[in-house]
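Chemist: Listed below are the residues making up each chain.
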Amino acid sequence: MAANPTFKTPVIAQPTGELRGKMEGMWSDPPGLYGWLGTTDHKKIGKRYLVTAFVFLMVGGIEALGMRLQLAQPNEHLLSPGLYNQFFSMHGFTMIFLYSLPILSGFSNYLWPLILGTRDMAFPRLNAFTYWVFVLAGIFLYIGFWGGKGTDVGWFNYVPLAERQYNPDWNVDVYSLGMIFLGVSTTAGAVNFIATMFRTRAPGMSISRVPIMIWGTLVANIGILFAVPAVSLDFLMLWLDRRFGTQFFNPATGGRPLLWQHLFWIFGHPWVYAIVLPAMSIVSQGLPVYCRRPLVAHSAVVLATILTMVLGFGVWVHHMFSTGLPVIAMGFFAAASFVIVIPSAVSVFAWVATIWTGRPVFTTAFKFFAAEIVLFVIGGVSGFMTAAVPLDWQLTDTYFVVAHIHYVLIGINVFPVVGGIYHWFPKMTGRMMSERLGWWNFWLMFIGFNLGFFPMHISGLEGMPRRIYTYPANMGWGDLNLVTTIGAFVFALGVLLFVINVIRSRFVGEKAPANPWDAPTLEWATESPPPSYNFAVIPRVATLHPLWEERLDGSRQSLLDEGAVLDDEHEIPATTALDAEPDAIMKMPHTTLAPVSLALLIAGTFVGLLMSMWWVAAACLLAMIPALLWWFWPRPEMGWAERARP
Amino acid sequence: MRRPFAIALLIAPVLAHAGPMTYMVSHGAAANPITKLGWGLLGLSIFVATFIAFAVLIGIWWKRGDGGYDNRGWPVLSHGRNGLPWLTIGVPISIVLLLLSAIWTFYVLGVAAAAPGHPKITLQVTGHQWWWEVRYSYAGAPQRTFETANEIHIPVGVPVEVHLTSADVIHSFWVPQLAGKTDTIPGQMNHAWLEADKAGVYRGQCTEFCGLQHAHMALYVVAQPQKAFDAWWVHQLQPATASPSGLAGEGETTFNARCAICHSVRGKPGSMGVLGPDLTHLMTRGTIAAGTLRNTPGNLAAWVSDAPAQKPGVDMPAENLTGPQLQALLAYLQTLK
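The listed protein sequences correspond, in order, to chains A and B.
In this text, residue positions in the first sequence follow this note's numbering: the first is 1, and each later residue adds one.
In this text, residue positions in the second sequence follow this note's numbering: the first is 1, and each later residue adds one.
The shape of chain A in the complex, shown without the other chains (with noise of 0.2 Å):
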């Protein structure tokens, strides 16, 4: 393989149908079961993202209709405190772990590989094997509910009550087994998005031409490598507790609860942020298309992105303010948290001046993003005032934050990612989505978020304790929770619109050209639905909007049809990590079962040890063995990478 390394230099050409053809037969998967199986298209495992998380956040949302309708008045008895205790946990972990980053890892698989000009991400196969675990370890946290008890214990699961003593069954440890499981795809996804981002951009794309959509991602991602290990570790350690009676946690025997919280939050603020800049990248990908111009200070927002994340690292204490730390400590988380709110400054006005200093087209997608804007803020002044130590001893715990995390999380997130199906609906599908009845799913989920949500704020401030499953008729708490719970089901009804608008549009829409919004970006300069192969030609990169050069700049700069052809088997240019300048030619996996065979083994391994069936745990740890062979075996094929002429 190595005996005879070749040096070529790429054939640059005009794309021709005889290539296209080439290419298609190439690139796509076979038919059938295996195909299905087997793909390693980004393009299909980006779709597979949003589908199924889309599927989770519906299911965390019928949990919260249940809780709502539990809430709606003093004392009621439709759902059990045992049930209600599940619902909301489940709730939790169903949104934060199983929505929030999955559907960005959605649109993140879909997009980056088109973004960056290329026809894959930099390991296909470890794209299919993070899709196949998450969505099995999505399945893996929710067999305790259907197997008689959910996790109880909230999504952030305190201990001493997750230990066994408060909490005998098995739920705690399908959910401590279940977010170790989860934290493979996670992590897994997060390496994947680095090498793709440092290693395959188109030729030319240098660092300061990469767009604003990436950049939420890196960062989102370079944070999660840090921040998972921590996670896992704490519940490696909860389900040892429980399992074999280790003693961290004990305090009877050395051991310390709030080592679980430090743990916890070490990794559960980065992870807030995580599920946040991405979906503000989109925002800022999106905005400017809809205002006719650029992004004001695209770099400052850039950095911004860049310095939430690293400060992000620093303010984990803020959720533990009421535990008795020492005041001089608290006094410096709550100065990194009230630093924090600078750079999310930047990102405000610049979105602002672009709306200001732009000529906005009121599309859906448009509604959407500048609805984000305003969510953002007030997310994020209600952020702000619980930094503030000793206020926060008053505002944590109660409704208060609840609003506050749904705005964040709703806000910058879910609007963001509505907004941006309305936006890449036509690429990723070739048909354009009902703005009729956009109009009507923003309004119904814009009045009914702030309907359902906004009261939140005031039933905190009256003091009303988050995670109670009925309260007395005398708190003055009734009217707000009749109306929140009316809001929620407004929301709710425009949510299923969105997905009526979506399946709908998906058979009978509007057939949708290369470039519906005029947008300036690379995946607009392909077919809608892009080919197989994405780009039948490399594209040569110059400025960072390479669709709009010509009206903005003059000329055109960036070559988009012309360009490397790399036909042999599957290639893809590998470039430098600063300059982009072709460094290499890849040669790229195709359609295998590896990916889901060592998914399936890793869910049974976890299952071997949730049962304590030890020999299955073992059975499936040995069998990884010949399929980590499998994936790894050199293949002729794929040959080894070859350096490029320059």
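No false leads were mixed into what you were given.
FRET-style restraints, in silico, Cβ to Cβ:
#, chain 1, residue 1, chain 2, residue 2, range
1, A, Val-55, B, Gly-323, 47 to 57 Å
2, B, Ile-103, A, Phe-313, 22 to 32 Å
3, B, Leu-100, A, Leu-496, 42 to 52 Å
Just so you have them, the derived chain B footprint on chain A, three or more residues with Cβ under 8 Å:
#, segment
4, 332–342
5, 364–375
Only some residues are given here: those of chain A computed to face chain B with a beta carbon under 10 Å:
#, residue
6, Phe-88
7, Thr-354
8, Asp-392
9, Asp-397
10, Leu-461
11, Asn-474
I should point out that these hints are in silico values taken from the structure, not numbers from a laboratory.
Bear in mind that the values here come from a model prediction, so they are computed numbers and not experimental data.
Here a beta-carbon is modelled for each residue, glycine too, at the ideal position from N, C-alpha and C.
Please build the complex by placing chain B on the supplied structure of chain A, with the hints as guidance.
Modeler: Structure of chain B alone, referenced to chain A:
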């Protein structure tokens, strides 16, 4: 317009029908500076959110310049006008506001973190699933120590030290109109303080999720003038009166057989249980079952005969008492004044 409506929506209910748990009004030195900070930061937050909301709305609707339209009616692309002043002006203003907020915050942190001077009265509050154990002590007077549960009395205008821990899982001690919350964590002693500047009954509630009945773990703080408070303390120190006779006497037998394994009544050698609340002066308390039910004979009967029906998951079992046993038990409990 949504914003002004929202502001009205936000402030009106707080002022109009402030419930017992609202912390936008407060009545003690440990909470008052926080309340002021709360209103201040809330006002700033509303201002900022309103400002940005208007900025977005005006930016959208106010058509500026006419750069022409392309063939499908969209404005033509342009580099746009210079938007940087939004950042070069907006960010520094934000930094100044943040700095001022931080200074105010740290000032309040310093004031609210610890009680002034050295309070003589110390309460040790221990969180249980799902009730509050309270032990009173007075500096230098160990003979004045006693235990009670779920109802705390404090003298008006006097800071009281509160030591917090837990017997099982993490709870959080919170009496919003008197002080912010502090967690009770097993294996750890946390500190808080309370002071009420006017007499009254203040409601509190557990605010860290602690299991099935987290929703029913309330407590009350009764702030009394010093004289009334001293009298209350003296009374609480008394053990139960000598054994009653008649119906109440029968009830005591039932109590010792069924209840005393968990509950104690001071002065009764047969009632030394430590798992449940101390019941020596049960009838002086306004509520039972950690603030869940008002302390009326009817509620008490319902509670002792079938506690899990009132509060599913509670450790106290259904007692399957016969009618006469229940009557006698209630008669005995009524003597615990």
